[in-house]
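Construct the complete structure from the given sequences, taking the supplied hints into account.
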Amino acid sequence: MLKKVTPYLYIIPAFVFFLGIILVPAVATFYLSFYNWSGLGTNIQFIGLENYRAAFREGSYFLLSLRNNVVYLVATLVVELCFGLIIAVILDTKLRFFGMFRVLFFSPMVLSMMPVGLLWRFVFSPDVGIVNGALRVLGLGSLARPWLGDPATALYAVCLASGWRYAGFYMILFYAGLQRIPKHLYESARIDGASDIGCFLHVSLPLLREVIVICVLLCATGAFQAFDIVYAMTGGKPYHSTEVVATWLIDVAFTHNRYGHGSAIAVMMTFIVFVIAFTYLMYTRRREIIEY
Amino acid sequence: MKAILGPSGGTLSMVQTALFAALLVVPACQPEKEHRTTEPARQIEVTFAHSTTGGPEKVEIDRTIAEFEALHPNIKIKQNAIETSVYETIGLKALFSGGTPPDIYFQWGKYLVGEYQEAGYAADLTDELEKDDWKARFAPEAWANATYKGRVYLVPTSIDLSAVVWYNKTMFQQLGLSPPTTWTEFMRVCELLKSKGIVPVGFGNRDLWPAANWSAHLMSRVAGEQLYDDVLSLKPGTKFANDGFIKGLGMVEEMARLGYFNAGLNGLNDIEGMMLFFQGRAAMHPVGGWLINVAKEAAPQGFEYDPFNMPAVEGGRGNQRSILWLSSGYMVYRDTKHFKEAVEFLRYLTSVEVAKRFVNSCGQFNSVPAAITKESADPHLLSLVSIYRKAKAVVAAPDVGYGRSRMIPFMDATALVIGGQKTAREALEQCDRAIEAMKGSV
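Heads up: the sequence lines are chains B and W, in that order.
With the working numbering, the residue at position 153 of the first sequence is 153, and numbering never jumps.
Heads up: take any position in the second sequence, counting from 1, add 1000, and you land on the working numbering.
Just so you know, the hints here were simulated from the structure itself, not pulled from any lab data.
Backbone N, C-alpha and C define an ideal beta-carbon position, used for all residues, glycine too.
This list has only true hints and no planted wrong ones.
Covered stretches of chain W, as calculated for chain B (at least 3 residues, CB under 8 Å):
#, segment
1, 1087 to 1096
2, 1110 to 1120
3, 1414 to 1425
According to the in silico footprint, chain W covers these stretches of chain B (three or more CB under 8 Å from chain W):
#, segment
4, 149 to 161
5, 231 to 239
6, 255 to 263
Listed below in structure tokens is the structure:
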């Protein structure tokens, strides 16, 4: 009997934390999503599904922010994953000083997002920014623009900053994946006449499939949770052109004082992330493991 | 008793496991140590939440608290300084809803005073202010935004003009310009500055309120104070897309079309907007009196600047000598256990001697008139006082005056117009639709 109970005693501290930090707030958020509450006082009214309906009405930027999350996802997939993969493949050639480059590419990961956001605000500053400064020096002054103040470019500028931060992280994952591939597979491919690109396409890429799937999942869930870099660089502005679901949620709850509506958005966002994670789990159950 | 494997490879009995778990809990449950009962007098801790995290004002707050504590050894003032934007949105609310309400807290006047009173967070200070002529210290105008339903809930410390136009004196002198008094003159000045390659009006409007405040004042000048108040109070039957508002915001639209604002202004924050002005890249910068405080640290040595009020709009229905203002101060938590001590501290904070220091070192437009003298005040502050004294009407700022939560669609509309994205009519019609849609879930 005691033997059966003891393991449960050990998980009590972790469970209490999980209960207090994850479960109770999650249930409270779901509960609050059916109520109207300004965040002040105890005046709270049940309004059914009204908070969910409000997300699709005039004046709500929920759908726009969801679309921006998808754009952010696609852009970060391209910038972070592709760039990370390319750098990993180059570093895998093990030329001199590449170890140093590996550290350099990974170094942005040790910075927290707020300083990264402030740094990139300076890079994109319309007057004193490095980007516009470089364009003017190169005689391309006509291309200089307020990158973060122009709704046509602001979101892409944020994606670029995010890519800079995370590309090194994915590089490390891909690099680790490449290290696991036996060299004799490349040698066999070369004997069969494969070029460098052929080796990459027909040996590296298929054998990195598992790593790629993990990276895509991390990227996708991360994209739907994007908040800090957007908050630091644009705050969802200008004209909500960089609004993502998390910044809109914060705005709705804490600036508009619509805690119930903010909770409804949080519930919908959680559902979206859950669907992505569930799809991934289904995929991993069915996948064929490549032994090598 | 059966044993289980311990973390270091040894064995750990059930009893030991339970004892180990209890050890983690016991310290938190221990009674207060006995030596506390031997203290000569119990020290009262008064919690004080505000949004001044740095600069000369924080230095003065720290100094005032130290002086007060020296005078009242049994009172300890515990500060909780939260950065302004966080304080305004999440910070203060979190303190109340999180069960740690501050005894004294900073608050902006008018709308928020009523909101916090309705929520049960505001102590009635009316009777306290009548004692010892405390109320007589303050400018009579300060009470308008400190009162809710005839009772006073806020001790006003600052009455600030929120949207005067600061101009670069040196630049104006070099170009032979003088501060414009009418809108036609203002537009002429803008055109001349633009022709010289200078940005006439610099803004940092990422947080929406800078352009919203200034545009709102202009709209009140065109539409009249009563209509302005009715519309922003969301009075039934009124709408933002009325002729007066469309005309007023249309004047901002024209300025945007003529290129009188800096490019990308909606991507810059208010401080970046100020920096454009301090660095001489923009000749004028509409913002409140708090610019004086920022200029003390951020403006280059010898930078000369001064304010002028919104120029008179020819044919406007409003009072053309109105000012846009906001007042702020401190409120006391309704259920505080230290009401007497909190009031005592606020009395000290608003004494003439202390107020003078805030005027002198921070350029604060203090609500205690005796504190603002030619000797104590910054010359820029005296210019603001001069505008204030000439004013014939007052208009409240849209964000703090009417509730930022309800004014977001209006602030969005002004941002769209000043950024050249929509016409005044389109933006205000969109604002009306958004406010209508919000009603269901607010």
